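A.B. asks: Residue numbers (this note's numbering), protein chains in the order written: chain A, 1 to 253; chain B, 1001 to 1404.
Do not rely on the hints blindly, as some may be mistaken.
Unchecked claim - If we take Cβ atoms under 10 Å as the criterion, some of the chain A residues that face chain B in the derived model are:
1. G55
2. L66
3. A81
4. F92
5. E105
6. P110
7. M111
8. R117
9. V118
10. G187
11. K191
12. V223
13. V224
Unchecked claim - Covered stretches of chain B (chain A as the covering partner; in silico rule of three or more C-beta atoms under 8 Å from a C-beta of chain A):
14. 1006-1015
15. 1308-1315
16. 1319-1329
17. 1392-1402
As the list claims (entries may be wrong) - Simulated restraints, written as ranges between beta carbons of each label pair:
18. A:G94 with B:L1375: 36 to 46 Å
19. A:S145 with B:T1368: 43 to 53 Å
20. B:I1383 with A:R119: 27 to 37 Å
21. A:V19 with B:D1396: 25 to 35 Å
22. B:D1396 with A:G196: 28 to 38 Å
23. A:R119 with B:A1051: 27 to 37 Å
24. A:S145 with B:F1011: 19 to 29 Å
25. A:R219 with B:E1307: 29 to 39 Å
26. B:I1383 with A:E205: 27 to 37 Å
27. A:G94 with B:F1011: 19 to 29 Å
28. B:L1375 with A:H22: 52 to 62 Å
29. A:H11 with B:F1011: 41 to 51 Å
I should point out that these hints are in silico values taken from the structure, not numbers from a laboratory.
Quick caveat: nothing in here was measured; it's all calculated off a predicted structure.
C-beta: ideal position from N, C-alpha, C; glycine also.
In case you want the letters, here they are:
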Amino acid sequence: MTPVVKIEDVHKIYDSGEVKVHAVRGITLDLYKGEMMALMGASGSGKSTLMNTLGCLDRPTSGTYLLDNIDISTLDRNELADLRNEKLGFVFQGFNLLARTTALENVELPMLYGKRRVRSREMQERAMHCLDIVGLSDRADHFPSQLSGGQQQRVAIARALVNQPQVLLADEPTGNLDSKTSVEVMGVFQKLNDEGITIVMVTHELDIANYCKRNLVMRDGRVVSDTPVANRSIAETEMKRIHEAEAAAKLIA
Amino acid sequence: MHIGSTVTVSFRALRRNAMRSILTALGIIIGVGAVIAMVSIGNGAKSMVEAQIAALGQNVLLIFSGSVNQGGARSGSFGAGTLTIEDADAIQREITTAIAISPEVRTSAQILANGLNWSTQILGEGADYLNIREWPLSDGTMFSDADVRGVGKVCIIGQTIVTQLYPDISPIGQTLRIRNQPFKVVGVLAAKGLSVQGTDQDDLVIVPYTSAMKRVAKQTMLRSINVQAGNADLIERTQNDIISLLRQRHRTTEQTDDFTVRNQQEIADAANATSNTMTLLLGAIAGVSLIVGGIGIMNIMLVSVTERTREIGIRLAVGAHGKEIQLQFLTEAVVLSAFGGTIGILVGIGASELLSRLNHWPTLVSATAVAVAFLFSAAVGMIFGYYPARKASLLDPIDALRYE
Chain A
1 MTPVVKIEDV
11 HKIYDSGEVK
21 VHAVRGITLD
31 LYKGEMMALM
41 GASGSGKSTL
51 MNTLGCLDRP
61 TSGTYLLDNI
71 DISTLDRNEL
81 ADLRNEKLGF
91 VFQGFNLLAR
101 TTALENVELP
111 MLYGKRRVRS
121 REMQERAMHC
131 LDIVGLSDRA
141 DHFPSQLSGG
151 QQQRVAIARA
161 LVNQPQVLLA
171 DEPTGNLDSK
181 TSVEVMGVFQ
191 KLNDEGITIV
201 MVTHELDIAN
211 YCKRNLVMRD
221 GRVVSDTPVA
231 NRSIAETEMK
241 RIHEAEAAAK
251 LIA
Chain B
1001 MHIGSTVTVS
1011 FRALRRNAMR
1021 SILTALGIII
1031 GVGAVIAMVS
1041 IGNGAKSMVE
1051 AQIAALGQNV
1061 LLIFSGSVNQ
1071 GGARSGSFGA
1081 GTLTIEDADA
1091 IQREITTAIA
1101 ISPEVRTSAQ
1111 ILANGLNWST
1121 QILGEGADYL
1131 NIREWPLSDG
1141 TMFSDADVRG
1151 VGKVCIIGQT
1161 IVTQLYPDIS
1171 PIGQTLRIRN
1181 QPFKVVGVLA
1191 AKGLSVQGTD
1201 QDDLVIVPYT
1211 SAMKRVAKQT
1221 MLRSINVQAG
1231 NADLIERTQN
1241 DIISLLRQRH
1251 RTTEQTDDFT
1261 VRNQQEIADA
1271 ANATSNTMTL
1281 LLGAIAGVSL
1291 IVGGIGIMNI
1301 MLVSVTERTR
1311 EIGIRLAVGA
1321 HGKEIQLQFL
1331 TEAVVLSAFG
1341 GTIGILVGIG
1351 ASELLSRLNH
1361 WPTLVSATAV
1371 AVAFLFSAAV
1381 GMIFGYYPAR
1391 KASLLDPIDA
1401 LRYE
């Protein structure tokens, strides 16, 4: 089986004139279909740079990156954009939904930029389907301002899913959410992963990383540990525990 | 991405900021509206001037008695009067391309009739005058050549005279006293209304020029001679023939000419030049407001690009090409300005309609002005939208996503 993501000795050097910043210093990494990997590290460890590279938003200075067997180092700006559109889904810390645009229209967005013209009816059907997956089909005509943080992030996940990507990239998807909503969102990721979608997420929090199957820790631009998660948290179980705790709290009070 | 999707995206973006979009378009609305209203006023004035000049008659030449030099002191135009009845007769006799001529004398006089009196202009003319001017009678007949030869005491009157002196009875056959000389009214002219200068063209009495000279003005010289050429092609030849005939008779040269010959085209050209200048001036002033509107669009688009940097980042991240971002913002600018242009056209047409109703100004909305104003407003959107759109398209997706 060939990996979905194959990175070999990737370096990234930012050259801002006088100072050269060596953000990533030789990373080799294989990611197979169905994996769910947490990318951890302190700020400045190079994880964001690696994430941007994985997301085809940036090209490595040296080394090779094969995404679904396509060598991205030979692609220009527009070809990278097409690749992002077809093979990648993005979820951001700040949700990054278009304001004053309905949830449905937000989810439709990536389809507007596909190479193939999608008829508006099909666009709506696919967007509705993805909203259904994240459990928000009844909020399709709501604006982001009318949704809670967790709901907004789920809309963002639906948007990332709409073009059936090879890899879902999430940059601190729970960073702006409270712990209960975080568990809820992790539940969505786990459900998607169970259906076979490959997920990579950047996170600071160990307990969030525990929901993943694999943990990659970076420091100073290098991988310092790459281990499978031994005692994986399951969102469903966690959710139940939280509900019970809440119920108990009410009993005591 | 496809044009259809781009337009969809642009419309969604504009709708999201409906109030701002409308205010931005307002600049263009006012610009286009002003251009159309101003050009309509200019064109209206022009068409009115043209109508007035056409009212002079077809293929008409006017010979004015000019300045005369008496011992070094030169009189102005019409000053001394240098044209004589003999000159008129000579033109009639020798210029074969002139099909009708009417010598003219003008004076003003107090007139009495029906127990009422009125001061008006008295025109002495030949029997062909009304044919040359293409001025129909509403009642009665024109006096004849015999009346002219016989220094007849007959006259035709304008509508204003009818209202002032004959409010209740038909003027035909009535007696009108001009400087105490009784004249019989034989015809009434059709109403002509105000001239471009605002004078009442119906406030006049026309008598045979011979009568005007001998009985009213007591003068021997003609003020001018109206000549009608056979057709448009003969105007120039007729003009030249008249000039050389009069030079011969008056023993003058180009430098010492005591008469002026003008043809209708020259008068029309002069008048048109004036109204064209006015139209151009009004249009240019209005055009400035269109450019100001365009700068407004550019300003808002620049604000919009900065404000929507994150949005641009998202679009780039999910696969938008730089060109598509550029097209989106350009389309927004063009949609804004074209929308403004369309509303502006309606406003402009409405404004010119209103002006002509309220102020009785003649206005004429020209299709060319509408088309040019619309295309110009779209071009304004294109030109002023280009820079912000280009700026947006060159953003780096990572920077744009991180933008706070």
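A.B. asks: Give a verdict on every hint.
C.D. replies: These are the hints, each one checked on the structure:
no., hint, result
1, G55, "holds, 7 Å"
2, L66, "violated, 19 Å"
3, A81, "holds, 5 Å"
4, F92, "holds, 7 Å"
5, E105, "holds, 7 Å"
6, P110, "holds, 4 Å"
7, M111, "holds, 9 Å"
8, R117, "holds, 5 Å"
9, V118, "holds, 9 Å"
10, G187, "violated, 24 Å"
11, K191, "violated, 22 Å"
12, V223, "violated, 22 Å"
13, V224, "violated, 25 Å"
14, 1006-1015, "holds (count 3)"
15, 1308-1315, "holds (count 5)"
16, 1319-1329, "holds (count 6)"
17, 1392-1402, "holds (count 3)"
18, A:G94 with B:L1375: 36 to 46 Å, "holds, 43 Å"
19, A:S145 with B:T1368: 43 to 53 Å, "holds, 48 Å"
20, B:I1383 with A:R119: 27 to 37 Å, "holds, 34 Å"
21, A:V19 with B:D1396: 25 to 35 Å, "violated, 19 Å"
22, B:D1396 with A:G196: 28 to 38 Å, "holds, 33 Å"
23, A:R119 with B:A1051: 27 to 37 Å, "violated, 58 Å"
24, A:S145 with B:F1011: 19 to 29 Å, "holds, 21 Å"
25, A:R219 with B:E1307: 29 to 39 Å, "holds, 38 Å"
26, B:I1383 with A:E205: 27 to 37 Å, "violated, 51 Å"
27, A:G94 with B:F1011: 19 to 29 Å, "holds, 26 Å"
28, B:L1375 with A:H22: 52 to 62 Å, "holds, 55 Å"
29, A:H11 with B:F1011: 41 to 51 Å, "holds, 45 Å"
Hint check: violations occur at hints 2, 10, 11, 12, 13, 21, 23 and 26; the rest are consistent with the structure.
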